[in-house]
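K.L.:
One-letter residues, chain by chain:
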Amino acid sequence: MKAEEAKVILQKYFEGETSLEEERRLREFFRQEEIPDGFLPYRKWFAAPQERGESNKPDAFALEMAAMISKQQPPVRKLNRKLILTFSGIAASLLIVITSMLMYLKEPVYQDTFSDPAEAAAYAEKTLLFVAEKYNRGLSALEPVSRLKEEEKRLGKNMKTIRKGFTEYNKIKVINNLKVTD
Amino acid sequence: MKAQHNRLTFEKQDRETEIMQQDEFTEKIVPLSSKLLRFASFFLGNDEDGRDVVQEVLLKLWQNRMKMDAVANAEAYAMQMVRNRCLDQLKSSRMTKFRPYPEVMQVVREETDQTEWKDTNRLVMQLARALPEVQKSILFLRDIEQLEFEEISAVTGLNINAVRVNLSRARKQVREELLKIWDHEISMH
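Those protein sequence lines, which keep their order, are chains A and B.
My numbering numbers the first residue of the first sequence as 1 and each following residue consecutively.
My numbering numbers the first residue of the second sequence as 1 and each following residue consecutively.
Fair warning: there could be bad hints in the mix.
[To be verified] Listed below are the simulated DMTMM-like cross-link pairs for lysine to aspartate or glutamate, each with C-alpha atoms no more than 25 Å apart in a straight line:
| id | chain 1 | residue 1 | chain 2 | residue 2 |
| --- | --- | --- | --- | --- |
| 1 | A | K12 | B | E148 |
| 2 | B | K172 | A | E28 |
| 3 | B | K172 | A | E64 |
| 4 | B | K136 | A | E17 |
| 5 | B | K28 | A | D37 |
| 6 | A | K44 | B | E16 |
| 7 | B | K28 | A | D59 |
| 8 | A | K71 | B | E48 |
| 9 | A | K71 | B | D49 |
| 10 | B | K60 | A | D59 |
| 11 | A | K71 | B | E16 |
| 12 | A | K7 | A | E17 |
| 13 | A | K71 | B | D14 |
| 14 | A | K44 | B | E145 |
| 15 | B | K180 | A | E23 |
| 16 | A | K12 | B | D183 |
| 17 | B | K172 | A | E5 |
| 18 | B | K180 | A | D37 |
| 19 | B | K67 | A | E64 |
[As the list claims (entries may be wrong)] Away from chain B, derived, C-beta distances all over 10 Å, residues of chain A:
| id | residue |
| --- | --- |
| 20 | V8 |
| 21 | E23 |
| 22 | L83 |
| 23 | G89 |
| 24 | E133 |
[To be verified] Covered stretches of chain B (chain A as the covering partner; in silico rule of three or more C-beta atoms under 8 Å from a C-beta of chain A):
| id | stretch |
| --- | --- |
| 25 | 33 to 40 |
| 26 | 56 to 70 |
| 27 | 74 to 87 |
| 28 | 151 to 162 |
Calculated from the structure, these hints are not laboratory results.
Glycine included, every Cβ here is placed at the ideal spot set by N, Cα and C.
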């Protein structure tokens, strides 16, 4: 870069109007062995070695921070899982306690309705008979179903014969076709 | 059965996104450590405090890594956090009595006369560090970290025009000091 151009860019620099590229070129200009007199006061500012960490050397501090973060990781997860387990355990046992208490409280209390055992037996027999009668009447309505089954069996036998006939027929058909192509 | 299946797939997805976010964190945020450290150390004037600040910021970012998706520019966000943390620290410490720039520079000049500015890097840092807070951040981000105006705007929360104005002010202030130093050196020889 010529001194004239450097002067213009330097002017822009102090106005905050240079691009990063122009600033890079300005620093390059100031790193020359010989720079014109007028630029000397600014030399130290622009010629200072760049501290920027763009070199590829392993970054000790970043590694240190990565180690710190990775140490941070497991305890958080462990704690969470432990907490979940503990709380679900507590919740489950509470549930059991509460339901068993409710069931215990709700257990129906039976009352004696008969004073004479013979009378009770007779009543029970009467009730069972009533139930049995109703049950049998219900079953009688299902009688046609067994007849249906028998008919189905007979039908199955006949179907077999028909199927046999069809296979025979197919065979004959194949033979007929062969004859035509011959 | 179906509910359980759903729950299991959700759990799996959660774990997958978590692993993804971990990877993203180690890929995007951790490599910024040194950059953040330079910023913090520059701001606070020493490496040790800078390390503490960066460590704190990284831990906070790590804890909030699930929310980082909403952040458009992770780097600018991290820088901003470092800057805010540094400002808090400076505010709370008694070290930061307000002193006008020329006065600070007087001290700097006296301190460094003996070394005859051998260490130009140190000169640059000291010239920049003595500036008012906003100018100092912007000058550092531009002339040392060489960020684009958009990035500086994201870190400082100022619009690009304000960034330019402050940068210009900071550079002119530095220019004044450089000219003084130059006169001083000429008269010494």
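K.L.:
The structure should be examined with respect to each hint, and the outcome stated for every one.
P.N.:
Tested hints:
no. : hint             : in the structure
1   : A:K12 <-> B:E148 : holds, 16 Å
2   : B:K172 <-> A:E28 : holds, 20 Å
3   : B:K172 <-> A:E64 : violated, 38 Å
4   : B:K136 <-> A:E17 : holds, 17 Å
5   : B:K28 <-> A:D37  : violated, 45 Å
6   : A:K44 <-> B:E16  : violated, 52 Å
7   : B:K28 <-> A:D59  : holds, 14 Å
8   : A:K71 <-> B:E48  : holds, 21 Å
9   : A:K71 <-> B:D49  : holds, 22 Å
10  : B:K60 <-> A:D59  : holds, 21 Å
11  : A:K71 <-> B:E16  : holds, 20 Å
12  : A:K7 <-> A:E17   : holds, 14 Å
13  : A:K71 <-> B:D14  : holds, 21 Å
14  : A:K44 <-> B:E145 : holds, 17 Å
15  : B:K180 <-> A:E23 : holds, 23 Å
16  : A:K12 <-> B:D183 : holds, 23 Å
17  : B:K172 <-> A:E5  : holds, 20 Å
18  : B:K180 <-> A:D37 : holds, 16 Å
19  : B:K67 <-> A:E64  : holds, 24 Å
20  : V8               : holds, 15 Å
21  : E23              : violated, 7 Å
22  : L83              : holds, 16 Å
23  : G89              : holds, 18 Å
24  : E133             : holds, 44 Å
25  : 33 to 40         : holds (count 5)
26  : 56 to 70         : holds (count 3)
27  : 74 to 87         : violated (count 0)
28  : 151 to 162       : violated (count 0)
Going down the numbered hints, you'll see the structure goes against 3, 5, 6, 21, 27 and 28, while the others check out.
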